[in-house]
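2 protein chains.
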Amino acid sequence: MCLPACAMQLAQKASRRSLLRKATVAAAGLVLAPAAAQGENAPRFSFRRVLDLTHTLHADFPFPMDHAFSMERISTRPKQMWNIYRWHFHEHIGTHIDAPFHCSEGDTVERIAADKLFGPLVVVDIRTKAAADPDAQLTPDDLKAWENRHGRISDGAVVAMCSGWDSKVGNARAFFGRDDRGGFHFPGFHLEAVQFLCEQRQVHGIAVDTISLDPGNSNTFPVHHYWLGQNRWGLENVANLREAPASGATIVVGSPKVTGGSGGPSRVLALLD
Amino acid sequence: MCLPACAMQLAQKASRRSLLRKATVAAAGLVLAPAAAQGENAPRFSFRRVLDLTHTLHADFPFPMDHAFSMERISTRPKQMWNIYRWHFHEHIGTHIDAPFHCSEGDTVERIAADKLFGPLVVVDIRTKAAADPDAQLTPDDLKAWENRHGRISDGAVVAMCSGWDSKVGNARAFFGRDDRGGFHFPGFHLEAVQFLCEQRQVHGIAVDTISLDPGNSNTFPVHHYWLGQNRWGLENVANLREAPASGATIVVGSPKVTGGSGGPSRVLALLD
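From first to last, the protein sequence lines are chains A and B. Heads up: the first sequence runs through residues 101 to 373, numbered per this note's numbering. Heads up: the second sequence runs through residues 101 to 373, numbered per this note's numbering.
Accuracy of the hints is not assured; some may be wrong.
One-sided excerpt, in silico: chain B residues whose CB lies under 7 Å from chain A [stated by the list, open to error]:
| # | residue |
| --- | --- |
| 1 | A142 |
| 2 | V150 |
| 3 | F163 |
| 4 | Q180 |
| 5 | I184 |
| 6 | W187 |
| 7 | H202 |
| 8 | E210 |
| 9 | D215 |
| 10 | K216 |
| 11 | S318 |
| 12 | N319 |
The set of hints was computed from the structure by calculation and includes no laboratory data. Don't be surprised by glycine CBs; every beta carbon is placed ideally from N, CA and C.
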């Protein structure tokens, strides 16, 4: 389902290198079956512990508009038998999934198959360049550098940008990189990187530790439009990626299963050896 | 943290039997380390595929009061760049978790540690007796019968009642077992069963395929009060348990991480070999 694009040439270069290398993902806890990732030949994942990649959500979680999340108490112990709230929120608050439908005619959130909600977690660390430039992007070169070190990105992987931005979540101005003219400055994926992941690799989803798959200084959101337009999903506001290994963990996305939704707050866990 | 209770005697009987048997959970995909379920001695889980234990949530999902779930469209493509909704819902709608705080002073939902959100899935099938009697309960005898066949319930397990009730979810009257006097009739855990699981086994959580941990004909909710009062969690409205093995799967609970919540809609997956 991928569009032909200028990324093809970059992809072919990476592909030639990977053929020479016969790269394998030999990370602890993940054994890849030799054939297709289906049925009895599906890869086997193993784990002993979990790492929580989810921010805690509350009314003050950074969001570009007010009243994006609130709780209304409707029953209180001990006066009543139960403690219960009603929640009111914008679908794209907190650690959340963008379903294809968010900016395409693709799948709404409940239609993302459960077998697309887990896979090998690829953590691409761009913290050094992001610290020097808040407009930094995760480029095809960053993906090539990851593959040179860890082997070809596995079928079914989820590729996550670790920019270090999750540590700014307590300060909305810093998290959004607001400038004096109201602009946003935070890292994101480069269009050519996601074109490579779509056209040359079989990746289930992408993830960022910022509020947007696109960098903050984008006004046209090409990564959203291209990636979700390919009926793929993305995660935003992911936490704690710096504590995950670059390779070898498995991500599980506890996305909401709500009819017609364009996304929604999700519990995201990394399974570790 | 468990209360002494009348279940102790039942538990001791079961415990003697398990000593005689030296039962082990030898199910495919789960290898138990010989020592404690912590650190390097933690059990290793493995899987190749997932089974979705989550119902799809929508405005007509069965609930005892109106307007428990709604979506408000706030942005629509292609007139606008994005499709986005706001959601409004009662915390205990759909497939959801009950945090201890729902009816105790225990943990709110975000405080349930991530390492308590996965574990061996124990499926106790009471479909035959539930089909004959909608007021059926999962009793200590059902747990003993499961252990006689599959071995001692593992530390960190999640024990699920499979009553077959999930197949009624499209018909609220049938799902709730409403009688002509407005009463409810559906299966649930017996108090002594959860006392056994708390006092004699190290179980992280319990799960039901009905709307309540307690059977529908209960007015005092002793299972809720006892189990959540022990700072344990429960899952309600779980789906597809009949497709899970009685033993050998691993459950992962994608519960919401919302400050102060008493529970909330959750994505629940079983990891299978």
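Outcome of the hint check:
no.	hint	verdict
1	A142	holds, 4 Å
2	V150	holds, 5 Å
3	F163	violated, 12 Å
4	Q180	violated, 10 Å
5	I184	holds, 6 Å
6	W187	holds, 6 Å
7	H202	holds, 6 Å
8	E210	holds, 5 Å
9	D215	holds, 6 Å
10	K216	violated, 10 Å
11	S318	violated, 12 Å
12	N319	violated, 10 Å
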